[in-house]
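Protein chains: 2
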Amino acid sequence: MDKFRFYLPTEVFAGRGCVRAHADAWVLGRRALIVTSQHGAKLSGALDDVMSILNDRAIESVLFDGVSANPDAEQVYAGVAAAEGCDFVVALGGGSPLDAAKAIAWAAGAKVPREDFFRRSPAPGEAVLPVVAVPLTCGTGSEVTPYAIITNHEAQTKVNVSGPNLFPRVALLDAHYLESLPKAVMCDTALDALSHAIEGAYSPRATQLTLAMSEEAIRTLLPELLRLAHGEFVNLPQLHYAAMLAGMVIAQTGTGLVHAMGYPLTYHKGIPHGRANGILLAGYLEFMERPCGPLTRRLLDAAGLHGPEELQALVDALLDVTGAEREAPTEDELARFAREPLRLSVVRRYRAMPSPEEVVDIYRTGF
Amino acid sequence: MDKFRFYLPTEVFAGRGCVRAHADAWVLGRRALIVTSQHGAKLSGALDDVMSILNDRAIESVLFDGVSANPDAEQVYAGVAAAEGCDFVVALGGGSPLDAAKAIAWAAGAKVPREDFFRRSPAPGEAVLPVVAVPLTCGTGSEVTPYAIITNHEAQTKVNVSGPNLFPRVALLDAHYLESLPKAVMCDTALDALSHAIEGAYSPRATQLTLAMSEEAIRTLLPELLRLAHGEFVNLPQLHYAAMLAGMVIAQTGTGLVHAMGYPLTYHKGIPHGRANGILLAGYLEFMERPCGPLTRRLLDAAGLHGPEELQALVDALLDVTGAEREAPTEDELARFAREPLRLSVVRRYRAMPSPEEVVDIYRTGF
Numbered sequence: 005m006d007k008f009r010f011y012l013p014t015e016v017f018a019g020r021g022c023v024r025a026h027a028d029a030w031v032l033g034r035r036a037l038i039v040t041s042q043h044g045a046k047l048s049g050a051l052d053d054v055m056s057i058l059n060d061r062a063i064e065s066v067l068f069d070g071v072s073a074n075p076d077a078e079q080v081y082a083g084v085a086a087a088e089g090c091d092f093v094v095a096l097g098g099g100s101p102l103d104a105a106k107a108i109a110w111a112a113g114a115k116v117p118r119e120d121f122f123r124r125s126p127a128p129g130e131a132v133l134p135v136v137a138v139p140l141t142c143g144t145g146s147e148v149t150p151y152a153i154i155t156n157h158e159a160q161t162k163v164n165v166s167g168p169n170l171f172p173r174v175a176l177l178d179a180h181y182l183e184s185l186p187k188a189v190m191c192d193t194a195l196d197a198l199s200h201a202i203e204g205a206y207s208p209r210a211t212q213l214t215l216a217m218s219e220e221a222i223r224t225l226l227p228e229l230l231r232l233a234h235g236e237f238v239n240l241p242q243l244h245y246a247a248m249l250a251g252m253v254i255a256q257t258g259t260g261l262v263h264a265m266g267y268p269l270t271y272h273k274g275i276p277h278g279r280a281n282g283i284l285l286a287g288y289l290e291f292m293e294r295p296c297g298p299l300t301r302r303l304l305d306a307a308g309l310h311g312p313e314e315l316q317a318l319v320d321a322l323l324d325v326t327g328a329e330r331e332a333p334t335e336d337e338l339a340r341f342a343r344e345p346l347r348l349s350v351v352r353r354y355r356a357m358p359s360p361e362e363v364v365d366i367y368r369t370g371f
Numbered sequence: 005m006d007k008f009r010f011y012l013p014t015e016v017f018a019g020r021g022c023v024r025a026h027a028d029a030w031v032l033g034r035r036a037l038i039v040t041s042q043h044g045a046k047l048s049g050a051l052d053d054v055m056s057i058l059n060d061r062a063i064e065s066v067l068f069d070g071v072s073a074n075p076d077a078e079q080v081y082a083g084v085a086a087a088e089g090c091d092f093v094v095a096l097g098g099g100s101p102l103d104a105a106k107a108i109a110w111a112a113g114a115k116v117p118r119e120d121f122f123r124r125s126p127a128p129g130e131a132v133l134p135v136v137a138v139p140l141t142c143g144t145g146s147e148v149t150p151y152a153i154i155t156n157h158e159a160q161t162k163v164n165v166s167g168p169n170l171f172p173r174v175a176l177l178d179a180h181y182l183e184s185l186p187k188a189v190m191c192d193t194a195l196d197a198l199s200h201a202i203e204g205a206y207s208p209r210a211t212q213l214t215l216a217m218s219e220e221a222i223r224t225l226l227p228e229l230l231r232l233a234h235g236e237f238v239n240l241p242q243l244h245y246a247a248m249l250a251g252m253v254i255a256q257t258g259t260g261l262v263h264a265m266g267y268p269l270t271y272h273k274g275i276p277h278g279r280a281n282g283i284l285l286a287g288y289l290e291f292m293e294r295p296c297g298p299l300t301r302r303l304l305d306a307a308g309l310h311g312p313e314e315l316q317a318l319v320d321a322l323l324d325v326t327g328a329e330r331e332a333p334t335e336d337e338l339a340r341f342a343r344e345p346l347r348l349s350v351v352r353r354y355r356a357m358p359s360p361e362e363v364v365d366i367y368r369t370g371f
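Protein chains in written order, with my numbering: chain F, 5 to 371; chain G, 5 to 371.
In short, the hints are calculated from the structure, not lab data. In this text the structure is predicted, and so the values were computed from the model without any measurement. Hints may contain errors.
Pairs involving identical chains hold if they fit within one copy or between any two copies, as the list cannot separate such chains.
Unchecked claim - EDC-like, lysine to aspartate or glutamate: derived pairs with alpha carbons at most 20 Å apart:
#: 1; residue 1: K7; residue 2: D28
#: 2; residue 1: K7; residue 2: E183
#: 3; residue 1: K46; residue 2: D69
#: 4; residue 1: K115; residue 2: D76
#: 5; residue 1: K115; residue 2: E158
#: 6; residue 1: K273; residue 2: E337
#: 7; residue 1: K46; residue 2: D60
#: 8; residue 1: K46; residue 2: E183
Just need the whole structure built from these sequences, with the hints factored in.
Structure representation (structure tokens):
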């Protein structure tokens with residue numbers, strides 16, 4: 005491995021009670037903006053834990069719980085308005101609240117005008133409010149990435165707002181909070197994590213180190229996904245750990261075709277992000293088997309699977325067991341969706357560039 | 005993996021020419037203290053590269069090249085005197101210059117009085133001059149750790165000065181600089197890296213993630229050590245990468261018995277640090293095989309070795325090929341050395357605590 009870069013400045017604490025145990029590490033200011041969605045943070049008990057610690061320390065806080073799935077710039081700027089006078093941000097939730105919080109931290113910290121939000125990227129050295137991330141799902145990895153995925157309605161897709169100063173300062177993983185997670189969300193987000201590990205492995209920016217991390221994430225995820233599919237008891241700390249690890253991978257490599265193909269499914273068909281990726285994964289592996297045989301074999305070995313068809317069967321079983329919907333797009337829609345990913349430069353730089361027909365094939369494999 | 009912590013804030017750039025290519029990332033102030041030893045940085049060309057970039061940018065610099073092997077507090081404070089007016093530190097060399105530079109960065113930045121140096125640790129939040137580390141050997145890992153190992157003559161051993169703010173800000177790995185490294189130094193430092201990967205794996209602070217990193221480091225190091233032993237062409241970027249990776253492991257886990265046993269060999273017998281560790285490794289694995297069989301098997305598998313005796317044979321071959329000396333301590337010395345490691349709390353916390361007789365046995369296996 006000659007040329008590479010590795011950067012991962014987030015301080016991670018994991019374990020039951022870590023939010024309280026490591027309060028000295030994450031109470032980063034005098035007035036906190038708490039960013040979350042309507043339900044998850046309350047149900048899980050995470051919001052109570054954070055509020056109680058802030059109260060004990062007489063730290064003021066403002067609660068902004070207006071983040072929905074696939075947050076857009078309007079939500080980000082509602083958060084910026086709420087952030088007035090705050091000097092740090094505590095993000096609680098899945099990818100949507102975490103990503104929104106990071107975008108708010110930049111837009112508020114660097115005073116980015118609304119009209120510039122999608123036009124420029126967070127510049128190194130720009131003031132960004134420090135972010136503490138408490139992931140309440142097992143998929144996003146956003147707690148250890150420099151990315152915030154925000155929906156741009158004008159472009160009818162999601163935009164990756166990213167910069168090295170968007171890494172959260174601290175990530176707190178208490179798997180206990182996952183106990184209140186609906187099965188379908190657990191499954192969808194775990195598939196998102198699997199997708200991160202696999203896409204990251206094929207990235208042109210993958211290195212020996214990120215590949216070892218991808219394998220470890222896949223090796224950790226698969227037994228838990230099988231347990232989920234069989235309705236068995238799941239090891240939540242393992243799921244939480246693997247999702248974070250897969251996040252560490254994409255923090256270095258970025259994502260690729262699966263995410264690019266998943267975005268239209270989410271935007272136009274309302275299929276949750278992780279589920280959309282999960283549906284596409286087996287077809288993607290099948291496509292990558294030809295140009296990248298040995299690497300695909302390594303990933304399947306780490307998963308303990310003989311071939312992509314076994315992964316498809318697992319995903320099917322997971323969606324059945326959780327009663328998750330996946331409305332198949334029409335042929336017209338597929339033809340339209342297939343054009344979008346190929347426009348993205350991130351996909352064009354990948355090891356193998358599919359034709360529009362091949363993209364449609366990958367979509368078809370999943371549905 | 006339930007409870008764990010992971011922190012690795014150093015930004016790593018690797019590849020030929022990375023010092024010049026990433027100058028924007030590492031020129032961190034207006035006046036640099038350059039910390040190095042008498043020869044390595046000049047021979048390798050690294051010092052010229054750094055000076056030329058600083059000159060191009062009209063950044064002032066002070067050269068402190070007074071670091072010897074196993075630096076002591078006197079050298080650190082000579083560096084502190086030279087650091088007057090400097091706002092960042094560039095460290096070039098093996099573990100000694102890198103560790104000295106980190107200690108200087110703390111002592112100068114936090115204005116630590118000489119008499120307090122061994123009495124307290126760098127406190128979180130304490131001002132430390134930012135450090136840029138350019139490793140010119142393939143062993144220390146100091147470029148990605150929060151440790152500075154400084155000799156304390158009063159205690160007749162080495163002291164680990166450590167704190168989270170001692171992580172270098174940037175690490176620059178150009179394997180091209182290793183070309184001028186004497187074979188014996190390359191071999192000694194690579195054995196140090198192997199020791200980091202193995203000791204880290206047995207640490208009570210090892211996690212699934214650090215274990216995967218240990219395995220990857222061992223898997224990468226062994227073929228290169230075999231090539232070194234056979235006098236074949238060595239893949240320098242791989243050695244550099246593996247040494248850094250093993251450093252990332254001990255940044256999380258710390259070192260253990262081998263390092264603790266190696267220090268007296270270095271202090272009293274003048275055996276270079278890495279070589280001392282290498283000599284002890286096979287005996288250590290043999291000792292750990294009983295209490296930690298499956299883990300030892302995993303490490304040996306990653307190394308592609310059948311048993312500890314194969315590692316001993318490899319180390320013997322390496323020392324023969326490089327003409328490296330290893331004067332065996334007398335039985336009296338061994339009995340005396342064996343008492344020191346067992347006093348250290350870091351060793352007492354380990355998974356298996358050897359008796360003084362067992363420590364002597366490990367020493368004997370190596371000589």
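At 20 Å max between alpha carbons, let me know whether K46 reaches E183 within a copy, between copies, both or neither.
Only inside one copy: K46 and E183 sit 13 Å apart there, 58 Å across copies, limit 20 Å.
K46 and D69: within-copy, between-copy, both or neither at 20 Å Cα
For K46 and D69, only the intra-copy Cα distance (10 Å) is at most 20 Å; the inter-copy one is 58 Å.
Checking K46 and D60: alpha-carbon separation at most 20 Å within a copy, between copies, both or neither?
Classified as within: same-chain Cα gap 19 Å, cross-chain 56 Å, threshold 20 Å.
Evaluate K115 and D76 at a C-alpha cut-off of 20 Å and name the case that applies: within, between, both or neither.
within (18 Å within a copy, 48 Å between copies)
Taking 20 Å as the upper bound on the Cα-Cα distance, should K273 and E337 be classified as within, between, both, or neither?
Result: close within a single copy only, 10 Å intra versus 75 Å inter.
Since the copies are identical, ignore which copy is meant and state whether K7 and E183 lie within 20 Å (CA to CA) inside a copy, between copies, both or neither.
between (42 Å within a copy, 17 Å between copies)
Using 20 Å as the alpha carbon limit, work out where K115 and E158 are close: within a copy, between copies, both or neither.
neither (22 Å within a copy, 55 Å between copies)
Intra- versus inter-copy proximity for D28 and K7 (alpha-carbon distance at most 20 Å)
between (37 Å within a copy, 17 Å between copies)
Violated hint: 5 only; the structure is consistent with all others.
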